[in-house]
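Peer 1: Respectively, the protein sequence lines represent chains A and B. Residue 1 is where the first sequence starts when you use our numbering, and the numbers rise one by one after that. Residue 1 is where the second sequence starts when you use our numbering, and the numbers rise one by one after that.
If you are wondering where the hints come from, they were derived from the structure by calculation, not from laboratory data. Among the hints, a few may not be true.
As the list claims (entries may be wrong) - Sample of chain B residues with no beta-carbon within 10 angstroms of chain A, all distances over it, derived: (1) P30; (2) M83; (3) A99; (4) T165; (5) A212.
Stated by the list, open to error - Under 7 angstroms between C-beta atoms, here's a sample of chain A residues computed to sit facing chain B: (6) G15; (7) G16; (8) P38; (9) D130; (10) F131; (11) L141; (12) M199; (13) P215; (14) V216; (15) G219.
Stated by the list, open to error - Computed spacing ranges between beta-carbons, pair by pair: (16) A:D13 to B:D213: 25 to 35 angstroms; (17) B:D289 to A:R191: 32 to 42 angstroms; (18) B:D258 to A:R191: 31 to 41 angstroms; (19) A:S31 to B:D258: 28 to 38 angstroms; (20) A:K202 to B:E62: 34 to 44 angstroms; (21) A:P190 to B:A175: 33 to 43 angstroms; (22) A:G239 to B:P243: 24 to 34 angstroms; (23) B:S2 to A:G239: 57 to 67 angstroms; (24) B:D258 to A:E241: 54 to 64 angstroms.
Quick reminder that beta carbons are idealized off the backbone N, C-alpha and C, glycines included.
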Amino acid sequence: MANVLVCIKRVPDLGGEIRLTADGMGVDDSSLGHTVSPHEEAAVELAIQTAKETGGQATVLTLGSEEAVEQLRNALALGCTGAVLVEADATAYGPADVAAAVADVVRDQEAAGTTYDLVLVGNDASDTGDFQVGIRLSYLLDRPVVAGVSTLGVEGDEVTARAGSPDGGTEVYQVALPAVLTVMEGGVEPRYPSIPGRMKAKKIAIDRVTPTRDPVGSGRRRLTLPPAQPSQVTVLGEGPEAAGAVVDLLESLGVTR
Amino acid sequence: MSVLVLVETDEGGAVEVSRETLAFVRGTEPDVRALIVGEVSPELVDQLGSYGVREVLRADGEAFSSYAAAAWASAVVAAADGMPVVAAAGTPRGNEVLAHVACRLGVAMAANVVAVDGTGPLVVSRQVLGGSALEELPLPDAVAVLTVAGHACEPSTADEPATPTVRDLSVDVPASDLRARVVRTEPGEPDESGSLKSARVVVGAGRGAGSADGFKELVELTELLDGAALGVSRVVTSLGWRPHHEQVGQTGSRVTPDLYVACGISGAIQHWAGMSSSKTILAINTDADAPMVTKAHYAVIGDLHEVVPAINEELRRRAG
Numbered sequence: 001m002a003n004v005l006v007c008i009k010r011v012p013d014l015g016g017e018i019r020l021t022a023d024g025m026g027v028d029d030s031s032l033g034h035t036v037s038p039h040e041e042a043a044v045e046l047a048i049q050t051a052k053e054t055g056g057q058a059t060v061l062t063l064g065s066e067e068a069v070e071q072l073r074n075a076l077a078l079g080c081t082g083a084v085l086v087e088a089d090a091t092a093y094g095p096a097d098v099a100a101a102v103a104d105v106v107r108d109q110e111a112a113g114t115t116y117d118l119v120l121v122g123n124d125a126s127d128t129g130d131f132q133v134g135i136r137l138s139y140l141l142d143r144p145v146v147a148g149v150s151t152l153g154v155e156g157d158e159v160t161a162r163a164g165s166p167d168g169g170t171e172v173y174q175v176a177l178p179a180v181l182t183v184m185e186g187g188v189e190p191r192y193p194s195i196p197g198r199m200k201a202k203k204i205a206i207d208r209v210t211p212t213r214d215p216v217g218s219g220r221r222r223l224t225l226p227p228a229q230p231s232q233v234t235v236l237g238e239g240p241e242a243a244g245a246v247v248d249l250l251e252s253l254g255v256t257r
Numbered sequence: 001m002s003v004l005v006l007v008e009t010d011e012g013g014a015v016e017v018s019r020e021t022l023a024f025v026r027g028t029e030p031d032v033r034a035l036i037v038g039e040v041s042p043e044l045v046d047q048l049g050s051y052g053v054r055e056v057l058r059a060d061g062e063a064f065s066s067y068a069a070a071a072w073a074s075a076v077v078a079a080a081d082g083m084p085v086v087a088a089a090g091t092p093r094g095n096e097v098l099a100h101v102a103c104r105l106g107v108a109m110a111a112n113v114v115a116v117d118g119t120g121p122l123v124v125s126r127q128v129l130g131g132s133a134l135e136e137l138p139l140p141d142a143v144a145v146l147t148v149a150g151h152a153c154e155p156s157t158a159d160e161p162a163t164p165t166v167r168d169l170s171v172d173v174p175a176s177d178l179r180a181r182v183v184r185t186e187p188g189e190p191d192e193s194g195s196l197k198s199a200r201v202v203v204g205a206g207r208g209a210g211s212a213d214g215f216k217e218l219v220e221l222t223e224l225l226d227g228a229a230l231g232v233s234r235v236v237t238s239l240g241w242r243p244h245h246e247q248v249g250q251t252g253s254r255v256t257p258d259l260y261v262a263c264g265i266s267g268a269i270q271h272w273a274g275m276s277s278s279k280t281i282l283a284i285n286t287d288a289d290a291p292m293v294t295k296a297h298y299a300v301i302g303d304l305h306e307v308v309p310a311i312n313e314e315l316r317r318r319a320g
């Protein structure tokens, strides 16, 4: 039996353009929907699969405001069996703060009798792109960590994890539990929520936790966007009639055979 | 003051992103030292010298015979002894190892840096939101730990090459560093993302392909062009139309071909992050106002299922 804790983060669902808030400290998400990072969708899927295969529990955790309950409910609808909301202003938290807050939850739950054999996080968040929360968490919990994991299997007290290698192959790790894994998308196809899953998710109580320490913050001074470039596009034509102009371009670039 | 760069290597010597990183840090601090984990050939020493590296530090031995990020971090910490800046390329390895290093040194890490400013404290600009925005971030700790984003600068050699000395590091690798270690490797399937990353032309396809059956003429176009590969947007892999290893974007491959042909791709930030460094972008889209069209160099307004077959036909006709 393997109990899995999977950590997610509510992020704006960006389309083609980004607008910043007036103070330049974040993305203006007032007109945007919200989601979780792609790697975290894969992590949730792996958590649910692992819990089902081993007869354990898959608990989803996020640090954020009340609005982040939307992302917790989505994960519950997919098959997570419990949810923890660490109630905090996520923008005040840097990567080390997030790792410390998650580590506190893991320790507190362990003290209360619930152990997590695996803690899964996304390899990097699609907004802040810090590439370090999972690794920092592993140091705080003194657990081994594997980064960039695409698939995993638990057998006994060991996890076999696969990650992409620099040469395009796969690297296989066998690590004793408990462990921390940072997940990259690509190894599993995240499932879609079912209607009964959504109904069930509404009834699961969300465990609300208040952090015990103040965050240091990320140190961000501000965000900037590259200056908007006026469109320089040359329209070669419309429809199939443009084929001649396209092939002229391909020839001038020297990419035809 | 000196800077340590963790350099990744393959059979061709220092990999391109590591060479970019050497050129990047040399722009701010000329005293560059390189750490190599594994064997160091005379050719590699010469190559590093051409990038201005003054000293090559080598960590080798049983603990490094298969990859363990924590053991590599021990080597970086040993090599960095007193150096105020530790850098690596913003690759999966680079980001992973330097995150370990930051934990050990009790300092911040800045991933995917594109510019540095000031010397005390260092202030960096780093890519966030898939590279579509920059974050200004001071690194006030005693050691600045950072990774350099791919293509933040050209991998240019130094005006004055150096003749690096080579020093063997003695690294104490505790057993706890080897708790997570590669036990075996498996080769990638033929034609996986390796060919995509090195392709001269990438034919990209998005939601406009319409279905899993909508890629025939796009594959045909890759066959008619020289050194071309198919790349797809996240929508396409999420819908199960094409395998994930063909995905281009923030959570897929980052490609820098001479030509990117974006077919039926709207240009969401997730995708743009993976192909915006293409030298020339040609968009084929029904929507003249799609971000991909307005940001492209060239565009054809129309349905890819009508335009691409016509291009293929014209290519065949001219080839005789």
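Peer 1: All the hints need checking, so say for each whether the structure fits it.
Peer 2: Hints versus structure:
1. P30: 27 angstroms, holds
2. M83: M83 (chain B) is indeed farther than 10 angstroms from all Cβ atoms of chain A, at 20 angstroms.
3. A99: 4 angstroms, violated
4. T165: T165 (chain B) is indeed farther than 10 angstroms from all Cβ atoms of chain A, at 27 angstroms.
5. A212: The claim holds: A212 (chain B) sits with its nearest Cβ about 14 angstroms from chain A, beyond 10 angstroms.
6. G15: 6 angstroms, holds
7. G16: For G16 (chain A), the interface hint holds, since the closest Cβ of chain B sits about 3 angstroms away, which is under 7 angstroms.
8. P38: Holds, about 4 angstroms.
9. D130: 6 angstroms, holds
10. F131: 4 angstroms, holds
11. L141: 12 angstroms, violated
12. M199: At about 25 angstroms, which exceeds the 7 angstroms cut-off, the nearest Cβ of chain B leaves the hint on M199 (chain A) violated.
13. P215: Result: violated, 13 angstroms to nearest chain B Cβ.
14. V216: 9 angstroms, violated
15. G219: 5 angstroms, holds
16. A:D13 to B:D213: 25 to 35 angstroms: Given about 28 angstroms between the Cβ atoms, the range holds.
17. B:D289 to A:R191: 32 to 42 angstroms: 34 angstroms, holds
18. B:D258 to A:R191: 31 to 41 angstroms: 39 angstroms, holds
19. A:S31 to B:D258: 28 to 38 angstroms: 37 angstroms, holds
20. A:K202 to B:E62: 34 to 44 angstroms: 55 angstroms, violated
21. A:P190 to B:A175: 33 to 43 angstroms: Since P190 (chain A) and A175 (chain B) have Cβ atoms about 36 angstroms apart, the given range 33 to 43 angstroms holds.
22. A:G239 to B:P243: 24 to 34 angstroms: 31 angstroms, holds
23. B:S2 to A:G239: 57 to 67 angstroms: 60 angstroms, holds
24. B:D258 to A:E241: 54 to 64 angstroms: 25 angstroms, violated
Of the hints listed earlier, those the structure fails to meet are numbers 3, 11, 12, 13, 14, 20, 24, in rising order.
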